[in-house]
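Just so you know, the sequences run in chain order A and B.
The number in the working numbering is simply the position in the first sequence, starting from 1, with 20 added.
The number in the working numbering is simply the position in the second sequence, starting from 1, with 8 added.
Calculated directly from the structure, the hints in this document are not laboratory data.
Please note that the accuracy of each hint is not assured.
Pair by pair, the computed Cβ-Cβ distance ranges are [claimed, not checked]:
no. : chain 1 : residue 1 : chain 2 : residue 2 : range
1   : B       : ASP139    : A       : LEU139    : 37 to 45 Å
2   : B       : THR25     : A       : LEU86     : 31 to 39 Å
3   : B       : GLU87     : A       : LEU139    : 50 to 58 Å
4   : A       : ILE40     : B       : ASN108    : 37 to 45 Å
5   : A       : THR253    : B       : LEU153    : 26 to 34 Å
A few chain A residues that face chain B, going by a derived Cβ cut-off under 7 Å, partial list only [said to hold, decoys possible]:
no. : residue
6   : GLY131
7   : LEU135
8   : GLY138
9   : PHE149
10  : THR151
11  : PHE223
12  : PHE248
13  : GLY249
14  : THR253
Incomplete in silico selection of chain A near chain B, CB under 10 Å [stated by the list, open to error]:
no. : residue
15  : LEU71
16  : GLY133
17  : GLY137
18  : ASP142
19  : ALA143
20  : GLY144
21  : VAL148
22  : GLU150
23  : ALA152
24  : SER232
25  : THR237
26  : ARG247
27  : PHE252
28  : ALA260
29  : VAL263
30  : SER266
Here a beta-carbon is modelled for each residue, glycine too, at the ideal position from N, C-alpha and C.
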Amino acid sequence: MTRLPWFRGLLVTALTVTLIFLTLPVVAIFANAPPRELIASLGEEGALEALRLSLQASVTALAIILAFGTPAAWFLATRSFRGRSLVITLVELPLVLPPAVAGIALLATLGPGGLLGGLLEDAGLRLVFETAGVVVALTFVASPFYIRQAQAAFEAVDPTLLQASRTLGSGEARTFLRIAVPSARAGLLTGSALAWGRALGEFGATLVFAGSFQGITQTAPLAIVQRFGTDFTSAIALSAVLVVVSVVILLSAKYLSGSAGKASDARA
Amino acid sequence: MFLASGCGGSDPSDGPTPLTVSAAASLTEALPAYADAIGAGVRFSFAGSDELTAQIRQGAPVDVFAAASTELPDALFAEGLVEKPVVFASNSLVIAVPANSGIDSIQDLTEPGVDLVTGTEEVPFGAYTRDLLDRLPAAQREAILANVRSEESDVKAAVGKLTQGAADAAFTYASDVTAASGQLRAIDLPPRLQPEVAYGVTVVKGSERPDAARAFVADLTGPDGRRALRDAGFEPPPGG
C-alpha cells in the first residue's frame, strides 16, 4: 500500500478546514460573553422557563419516537415488501423538509381548520398554542433521525443470533425484545441522541405550528431569537446552555454506545 | 474607494449591485411595488424591525433600513450607525380577524376561548399593541391578555396564524389586512385607543452605494413612494 504525501496533505487540510469551520462559531458563543454575565442572565425571568420547557417537550417527544420508531424500524429492517423503499423515503421526508414547511403541514393537518382538525376538536384535543403542539412538532422533525439509525442498527444485527433465538423456540416478539434490541443498542442510542438533539434545537416548525408563548410554547431556541434583538447577552447565554446540553447528549451517547458496542461484541 | 468616486453615478437603476434594503415585515407588499415603480434593483430583507436593528448593530451589510417605528432608526442614529432618519408613512393598528369571523369589537376579544395572537414586546406591532391595551380599563385589559396564545416575532407571522385558521384574532396594521386581499377583515379601534404608528427610513452608514441609497429614501417620500404606500394601505406621515 502506497500513500502519496500530497494526498495525505490534502486530507489533513480538508479535515482542518472542516474542523475550524464547524467549531469556531461554537467557540465564539463562549468568547462573546463572560461566564458571570452568562449565569446572571440565565436568572432572568423566562430564560430558565424556556430551558425547562425545551427539556420537557424534547424528552416527551423522544419517548414517543422510541415507542413507535423502534418497532417500525425493526419492521423496515427485517421485512421486504412491495413499496418498502417508498415507505422509507416517506419516513425520511422530514429530514429534508424545511422546518417552516413542516409547521405549515402540521397546521394543515392538525390545526383547527386542518384535515384532522374536526376530529381533534371533537375529542377535545388542542395542539396549536399548547405544549402538546410543541411535542408534536418536535416528534415530527426528529423522528427520522432515530428511525434511520435504528433501522441500520437492526439490519446490522447478526442474523445467526436471531436464528438461534427462533430455533430455541422464542417467538418474534421475544426475539425482538431479548436479542434484537440489546444487540442494536449502540445504534439505537446514537439515533436517540441525534433525535433528541434535533428536537432540542427545533425552531421553525414549533413557531409556525405551536406559536411562541412564555411557559407554554416558547422553547429555548424561540426565546433565543426573541432576545436576539434586544438582549444579546441573554441570547448568547441561552445559546451557551443549549450548546453544553447538546454536547453532553452527544458525548453520553458516544460513551454509552461505545460500551454497549463492546458489550455486544464480547457477547458475540 | 477611487472606484466609487470614479463612477460617481447616482442613478439607482444602473448600479452593478442591487441595493440591500432591510424593511419591517409590514412593508412586504409596499416596498417591492415602490422599487418596481422607480426601476431600482433592490434586494429586500423583511423581518421584525427589532431583529433588523440587531442585525445592523452586528454589522450586517445593509444600505437602507425602513422600520415600523421611529424609535429603532432613531436609536441607531444616536449610536452613529445610520444617517438621520426620515418619517415616510404612518399606519394604524386594527383588530384583524378572518373574513367570516363573528368578532366585531374589542370587547369581543375579552370572551373566554378567543385565541388571540400578538407580537413580542420588542417588535413594533407588539409594542403598539401593549400601548393600546394600557389605555383600556384594567379588567378589560386582563381579560384580553388572558386570551393571548402566541407572541410572534413579526406581524406577518401573526397574519399567517390568522389565515391558517390557527388563531381567531390578532392586532395587526391596517395595511396587513389590505395585503391579505379579502381573507381578513379589519375592525377599527376607537381613536382614543389608537397609538401613533409612524415609519422611519434611513441610509445605513458604510453603505457601498450611499448615493443610490439616499435616492431610494428621498423618492420614498415623493409621488412614487406615496402612491405605492397608499395602494398598500398606508397613510401619509403624521402631519405630512
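To see whether the hints hold, each was checked on the structure:
{"no.": "1", "hint": "B:ASP139 to A:LEU139: 37 to 45 Å", "result": "41 Å, holds"}
{"no.": "2", "hint": "B:THR25 to A:LEU86: 31 to 39 Å", "result": "51 Å, violated"}
{"no.": "3", "hint": "B:GLU87 to A:LEU139: 50 to 58 Å", "result": "53 Å, holds"}
{"no.": "4", "hint": "A:ILE40 to B:ASN108: 37 to 45 Å", "result": "56 Å, violated"}
{"no.": "5", "hint": "A:THR253 to B:LEU153: 26 to 34 Å", "result": "28 Å, holds"}
{"no.": "6", "hint": "GLY131", "result": "5 Å, holds"}
{"no.": "7", "hint": "LEU135", "result": "12 Å, violated"}
{"no.": "8", "hint": "GLY138", "result": "12 Å, violated"}
{"no.": "9", "hint": "PHE149", "result": "4 Å, holds"}
{"no.": "10", "hint": "THR151", "result": "12 Å, violated"}
{"no.": "11", "hint": "PHE223", "result": "11 Å, violated"}
{"no.": "12", "hint": "PHE248", "result": "5 Å, holds"}
{"no.": "13", "hint": "GLY249", "result": "4 Å, holds"}
{"no.": "14", "hint": "THR253", "result": "12 Å, violated"}
{"no.": "15", "hint": "LEU71", "result": "18 Å, violated"}
{"no.": "16", "hint": "GLY133", "result": "3 Å, holds"}
{"no.": "17", "hint": "GLY137", "result": "8 Å, holds"}
{"no.": "18", "hint": "ASP142", "result": "16 Å, violated"}
{"no.": "19", "hint": "ALA143", "result": "17 Å, violated"}
{"no.": "20", "hint": "GLY144", "result": "13 Å, violated"}
{"no.": "21", "hint": "VAL148", "result": "5 Å, holds"}
{"no.": "22", "hint": "GLU150", "result": "9 Å, holds"}
{"no.": "23", "hint": "ALA152", "result": "13 Å, violated"}
{"no.": "24", "hint": "SER232", "result": "5 Å, holds"}
{"no.": "25", "hint": "THR237", "result": "7 Å, holds"}
{"no.": "26", "hint": "ARG247", "result": "8 Å, holds"}
{"no.": "27", "hint": "PHE252", "result": "7 Å, holds"}
{"no.": "28", "hint": "ALA260", "result": "17 Å, violated"}
{"no.": "29", "hint": "VAL263", "result": "19 Å, violated"}
{"no.": "30", "hint": "SER266", "result": "23 Å, violated"}
Checked against the numbered hints given earlier, this structure breaks hints 2, 4, 7, 8, 10, 11, 14, 15, 18, 19, 20, 23, 28, 29 and 30; the rest are met.
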